[in-house]
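Given next are the chains, with one letter for each unit.
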Amino acid sequence: MTRPGDRLRALAARVCSAKTMERLIDPIVTDLQMEYLDAIRQGRVWRGRWVRIAGYVAMLKVLVFLSGEVAMRTLDGIVDHDRTTWRFIGWTVSATAVMLALLAIWPLLNLAAEVTPLSDGDRSKLLLYLVPQALVVAVPIGITIGILGGLAGRLSSRRLKHSVLAIGFVCSLGMFAMLAWIVPASNQAFRVTFAGHDLAKGLHELTLGEVGQRVIRAEVHGDVVGEPSARELSIAYHSRWAFSLATFVLALFSLSIVRPRSAGRTIVGMAACVLYFAYYITVYDGTNPLRVHVGSLPAFAIAWFPNVVLVVTSVALITVRLKADPTYDRGREG
Amino acid sequence: MPSRRPPTLSTKESLILELLVRENEMYGLQLVTASRRRLKRGTVYVTLGRMEDKGYITSRLEDPPAEAGGLPRRIYQPTSLGRRVLSTWTYAAARFMPEPAR
Chain A
1 MTRPGDRLRA LAARVCSAKT MERLIDPIVT DLQMEYLDAI RQGRVWRGRW VRIAGYVAML
61 KVLVFLSGEV AMRTLDGIVD HDRTTWRFIG WTVSATAVML ALLAIWPLLN LAAEVTPLSD
121 GDRSKLLLYL VPQALVVAVP IGITIGILGG LAGRLSSRRL KHSVLAIGFV CSLGMFAMLA
181 WIVPASNQAF RVTFAGHDLA KGLHELTLGE VGQRVIRAEV HGDVVGEPSA RELSIAYHSR
241 WAFSLATFVL ALFSLSIVRP RSAGRTIVGM AACVLYFAYY ITVYDGTNPL RVHVGSLPAF
301 AIAWFPNVVL VVTSVALITV RLKADPTYDR GREG
Chain B
1001 MPSRRPPTLS TKESLILELL VRENEMYGLQ LVTASRRRLK RGTVYVTLGR MEDKGYITSR
1061 LEDPPAEAGG LPRRIYQPTS LGRRVLSTWT YAAARFMPEP AR
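Chains A and B are the protein sequences, given in the same order. Here my numbering is used: the first sequence runs in plain steps of one and ends on residue 334. Here my numbering is used: the second sequence runs in plain steps of one and ends on residue 1102.
Treat the hints loosely; a few may be bogus.
[Claimed, not checked] BS3-like, lysine-lysine: derived pairs with alpha carbons at most 27 Å apart:
{"id": "1", "chain 1": "B", "residue 1": "K1012", "chain 2": "B", "residue 2": "K1040"}
{"id": "2", "chain 1": "A", "residue 1": "K19", "chain 2": "B", "residue 2": "K1040"}
{"id": "3", "chain 1": "A", "residue 1": "K61", "chain 2": "A", "residue 2": "K201"}
{"id": "4", "chain 1": "A", "residue 1": "K323", "chain 2": "A", "residue 2": "K161"}
{"id": "5", "chain 1": "A", "residue 1": "K19", "chain 2": "B", "residue 2": "K1054"}
{"id": "6", "chain 1": "B", "residue 1": "K1040", "chain 2": "A", "residue 2": "K61"}
{"id": "7", "chain 1": "B", "residue 1": "K1054", "chain 2": "B", "residue 2": "K1040"}
{"id": "8", "chain 1": "A", "residue 1": "K125", "chain 2": "B", "residue 2": "K1012"}
{"id": "9", "chain 1": "A", "residue 1": "K125", "chain 2": "A", "residue 2": "K201"}
{"id": "10", "chain 1": "A", "residue 1": "K201", "chain 2": "B", "residue 2": "K1054"}
{"id": "11", "chain 1": "B", "residue 1": "K1012", "chain 2": "B", "residue 2": "K1054"}
{"id": "12", "chain 1": "B", "residue 1": "K1054", "chain 2": "A", "residue 2": "K161"}
{"id": "13", "chain 1": "A", "residue 1": "K19", "chain 2": "A", "residue 2": "K61"}
No wet-lab data here; the hints were simulated from the structure. This structure is a prediction, so every number in the text was calculated from the model and none was measured.
Could you build the full structure based on these sequences and the hints that come with them?
Below you can see the structure in the form of structure tokens.
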């Protein structure tokens, strides 16, 4: 019987050195298992669940930190003494890489039994086809963690903050291209390779243009039984536009809440990130409460709601802070 | 001739040393609990690893109770160097600052 943390430890053992395993990973796993065992012995099931989650989060934090250390050591040779900038880059790159591995490799490992009959070439293709949809989630999360981990508790220049926002905006442009064309194509390629034969495209395998055309057709000719309704198509269409701005919106919000002398806003930033993604997951699978309970809400309002909330909140926070301290965003790395 | 840098002590390292000097030896999770969340589970081991590299603490593996099974636990103790660094740092902080910064 596997104990909590055994699988994660096995995964870490593939990438970490023996010294890292002995000093960092094993103590975390040991703590997790001892606390979990204590909780179960006392009949405290919810305490046991909390211990598991806290243990997994602790291990992920350490893995992200280790990746950042490697990235920082690699980048340290470059002549640029702005350590805050490199902290941001290190945290962003390592968090993105960890999320990409979790979102692309982990699902494939869980499908191991079903994909066993496929050839090595097909299995490699499946992994490749998972990368685009993993990337559209990993990059916004990576940049959010980069800001919350790399900039929190440190003075950072206005130039750095503007650069981070610009990076967020450029990434959002890239995300738009991914969501509009690449992710649908890779989704369809994954399905066909996995099934071993051609399959009709579903809603999530249509390009942005194809979804747009179907919206118009459904609005003109009415809904067709067995196909997504005009409203579903419209929500999907607007959601792809809205979600492509995730990187920029989350970067803006994270920058608005980090403080130069306090690292305490990290939880708020991560909670906002989790809620943001949870909202779009519910839009994706049709269970979004706004859509279900407020049927008269326009499709674009459902799609753009989180972006509007986060942008308005960010602008309000920045405005209030500038009024209180006009020099707050002019701090420089010492 | 290689230059010798004086030992440094970060806020978290001084907190860990204070706790270890007080209790003589502790597990990582005990340090997290005793620090009232100023130390975080997981990343506390990163700091402990650094301190062990600097020679401020040592650690040894302790077998878990028979009924628990699983991996052995690591227990940490301050070294004489760690105790000296802590007392020197505390003295310097008291001399130069009205209150130790935390």
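Provide an ascending list of the numbers of those earlier hints which the structure does not satisfy.
3, 8, 10, 12
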